[in-house]
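Could you slot chain A onto chain E? The hints should help.
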Amino acid sequence: MLGFGVERLRADMNRLLALLFHQGVLDEQFLQLQQLQDETSPNFVSEVVNIYFHESEKLLRNLRGLLLDREFSDYKKMGIHINQFMGSSSSIGAKRIRNICVAFRAASEQNNRAGCLRALELLEHEYCYLKNKFHELFQMEQQRLLAAGARYPVQN
Amino acid sequence: METEDQTLVQDCTTENLEPSPVQDEYAPVIFSQETVSHIVSIDMMSGKEDRGNILRARASGKGVLTSPFKLLKSNHLGVVLTFAVYKTDLPLRAAPEERIKATVGYLGASYDVPSLVEKLLHQLASKQTIVVNVYDTTDASLPINMYGPNITDTGLLHISNLDFGDPARKHEMHCRFKQRPPLPWTAILASVGILVITLLLGHIFHAAVNRIAKVEDDFRKMEDLKSRAEAADRAKSQFLATVSHEIRTPMNGVLGMLQMLMDTDLDANQQDYAQTAHDSGKDLISLINEVLDQAKIESGRLELETVPFNLRTILDNVLSLFSGKSCEKGIELAVYVSYQVPEVIIGDPGRFRQTITNLVGNSIKFTNDKGHVFVSVHVVDELWVGPLGVGDEVLRQGPSNTLSGFPVVNRWKSWENFKILNSTEEKIRLLVTVEDTGVGIPLDAQSRIFTPFMQADSSTSRTYGGTGIGLSVSNCLVNLMEGEIGFVSEPGIGSTFSFTAAFGIGEMISQETKWQKNEISVSEFEGLRALVVDGRTIRAEVVRYHLRRLGISVDVAFSLEYACSYISSSCNGSESAHVAMVLVDRDSWSIETDPTFHNLLEEFRELSRTKYPECPPKIFLLSKTLSSTECHELKSAASVDGIILKPLRLSILVACFQEALGIGKKKLSLSNKRKLPTLENLLKGKRILVVDDNKVNRRVAEGTLKKYGAFVLCVESGKAAIPMLEPPHNFDACFMDLQMPEMDGFEATRQIREMEYKFNEKIEGGEASREMFGNVGSWHTPILAMTADLIQANNEECMKCGMDDYVSKPFEEEQLYSAVARFYQSG
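For the protein sequence lines, the chains are E and A, in the order given.
Each residue of the first sequence is one higher than the one before, counting from 1 in the working numbering.
Each residue of the second sequence is one higher than the one before, counting from 1 in the working numbering.
Just chain E, same shape as in the assembly (with noise of 0.2 Å):
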């Protein structure tokens, strides 16, 4: 019984994430990550994704605070910012969202302000779903690992 489980929650984990490849939300560099993984880093993955998502939050509140700012002129530090952001998502394959942020780029090189508001606006979308379903798929690796370790005494 919980054998048939384990088996059907990585189908679902699965599903998700062919699903999030063909949504071009995610790229191989996420299945590099994966192959980081092993006895010696067991949680490598999760690790690296939490510290994405505390970095990136920070960068987003600043982003937003430099922008609502009416007075704001200073674009090259956003400039930094965004940069950031780029890089981290690329380490860990977060495709759309460094698309979003390459436009953003753009956006602040040409100091046009309402581009940039738009810009975040849509980072901020997609940084949400992306969370969203991390978290989806920790919870289902979670549960996972709950379900196989009742095998565990049965194999060799």
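Simulated from the structure, these hints should not be mistaken for lab results.
Mixed in with the good hints, there may be bad ones.
What the hints assert, rightly or not - Keeping only pairs whose Cα atoms sit at most 27 Å apart, straight-line, the calculated DSS-like set for lysine-lysine is:
id, chain 1, residue 1, chain 2, residue 2
1, A, K706, A, K684
2, A, K695, E, K131
3, E, K58, A, K719
4, E, K76, A, K695
5, A, K695, E, K95
6, A, K758, A, K686
7, A, K706, E, K77
8, E, K133, A, K758
9, E, K58, A, K695
For chain A alone, coordinates are given in the frame of chain E:
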């Protein structure tokens, strides 16, 4: 007055003359020429003609001629011309009476026409004999012939007028050739000849022109046909190429996917299945190629390659291809290669394999549910019976001594018609035999089985399938390999096909190269000993052949009883007699039929345990097909340690032995992921500093580099990195992010290089000893730039500030490898 005149009386001879009678007038001749002196004193008026002439002459005053008459003395025909001589000058229109009054005398001349003409003719002497006729033609209707023979008309006639001076008379001379002129043969012949020659020339010319026209016509037709044939050939080639491309493309897709599947993590079984599927796909492609080969052979464009290859491996591959099918049909499939066949031979492995695949495929196709298909390879020199008879068991093949026990045809007959059955110095000739216990080939079809698209029977395709080109392609290939192919077949018993082929002798591949190529390493089984229990000699020989390839020496026992006696009788404690494994054939495993078998088995186990307490021999069961339940039962009942499914292949044997004897499992994982070891080799144990302001990037870089076995330290900024890279330090490399706030990668690297430069100067200047700086003479830490934006990473700019290379962020394995390899090649 008397006048002289000359006139001749018509028919008068001198002797007959009499004195003239008294007349009124007389005209005697007073003077005459000497030639006509006989007419002196002859009265010219006595002749009638003459008289008329004289009278006419004196009346007219002109010259008058007589008509021809015979002259005196000569009697020739002639004419006389008479002139009157007058006393006084007469006016021109004087009256005749006046003329007569004035006449004094007469003057006459006689013309002796014949002599005249003759004299003339004399002067005109010519070659031809001319016939002359003189005619008096005063009266046209009655010409008087004065001279010349009577007419014989001989053709051409020349007529000329003679004018003696008297207008009243006409004379003509006719001249002709006496003989008709002969036909001008020369002229005729010449002209006829020329005509003929001209005709002939014309004919030749005409014929030549005709011929040229015809040849040109033919040429044009041929050109047309040639271009059509070329177009057809091109179309065929294009069609074949297109078809093959269309089929090959999806096949390659399938094969590619299978390859990718094999690169992922699979266990031994899955790997084997995927490998077989991959090989089957490859063989499907080769089937397509076979059809293309037929086309190529027809146009004579097939060529063989000459590369070294291992014959036994090829045969194993062929076996794996057919293992499924033979298991399905319940036929036993086995291969045997004689020890005299060298390990490596030079030839075309693909074509050789194709031939064998064709023959084995045919055998399997036509053998149903009983018996065997047995492939054996020998060197032709083994056929010559030495003093001890043919050494090889398989070759000897007695009537009931066959692989599966079913009768087969006599294989020696299949090569009895071969002409060349010996090897030479450079080329070794092998004899391959494919024997089966199938339905056989009907006798009437045996003569045409090598013809393309010919099958034994029209129903063959329906019943057995196939296109009928396999054997003809094999025939051609065998001929290309300088061999001969033959067969013997009896309906109801089976068929045996044999062929010879010439190969070069290759050099032995060392064990090292074999291992590097990831082939099965045989060294772990070297020197072991095995016991084979099988009632059939040939089958036991096959097992012996396979085990010998692994370096295992083999003894054969015919049944379990013999095995027991063998174990108990072998010497105690000698290493060489230690039996590591026992392979029992299913047929000898009569656990169901023989009640005593179980006891026998127990006894055997006891004996082996007492004999070899540390390492009792493992028992393997060799079987054609076993359902999974049977497998489980046998395994779980612990009566056997492993089950080996036939057809025997090296890979299967090795896998089973490894599993049972627990040797060498590591190799499986090494075969995957071939790239990692090299990057791992480069980075293993190296200490790397990662500089990046982004926490996520730091973590990912760290994780990636750790995967390759490196020790990683991360710092947040360039500022923090500089003191870390101050010599002496332990870092082997540094990965530096370019886009960092406060101090970017360029600036940081510049400062680090400056630092290193200063220290190097100090060492060289002798101000500081090498030991102080970790015994390194010249500090240069490899610094690699990490950049998300490859375009922005200007190579020049990187190099200017002292960086060694750049990689992309996030890491790409190949790029990373090539960048790192550049440093660590020499070390």
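Structure-based check of each hint:
1. Of the pairs offered as hints, the one joining K706 of chain A and K684 of chain A holds, with about 9 Å between alpha carbons and a cut-off of 27 Å not exceeded.
2. The suggested pairing of K695 of chain A with K131 of chain E holds, with an alpha-carbon distance near 18 Å, which does not exceed 27 Å.
3. Between the alpha carbons of K58 of chain E and K719 of chain A the distance comes to roughly 23 Å, so the proposed pair stays at or under 27 Å and holds.
4. With a CA separation close to 21 Å, the supplied pair K76 of chain E and K695 of chain A stays within the 27 Å bound.
5. With a C-alpha separation of about 18 Å, the suggested pair K695 of chain A and K95 of chain E falls inside the 27 Å cut-off, and the hint holds.
6. The straight-line distance between the Cα atoms of K758 of chain A and K686 of chain A is roughly 25 Å, inside the 27 Å bound, and the hint therefore holds.
7. Between the alpha carbons of K706 of chain A and K77 of chain E the distance comes to roughly 33 Å, so the proposed pair goes past 27 Å and is violated.
8. Straight-line distance between C-alpha atoms of K133 of chain E and K758 of chain A comes to about 53 Å, which puts the hinted pair past the 27 Å bound.
9. Restraint check for K58 of chain E and K695 of chain A: the C-alpha separation of about 12 Å stays at or below 27 Å, so the hint holds.
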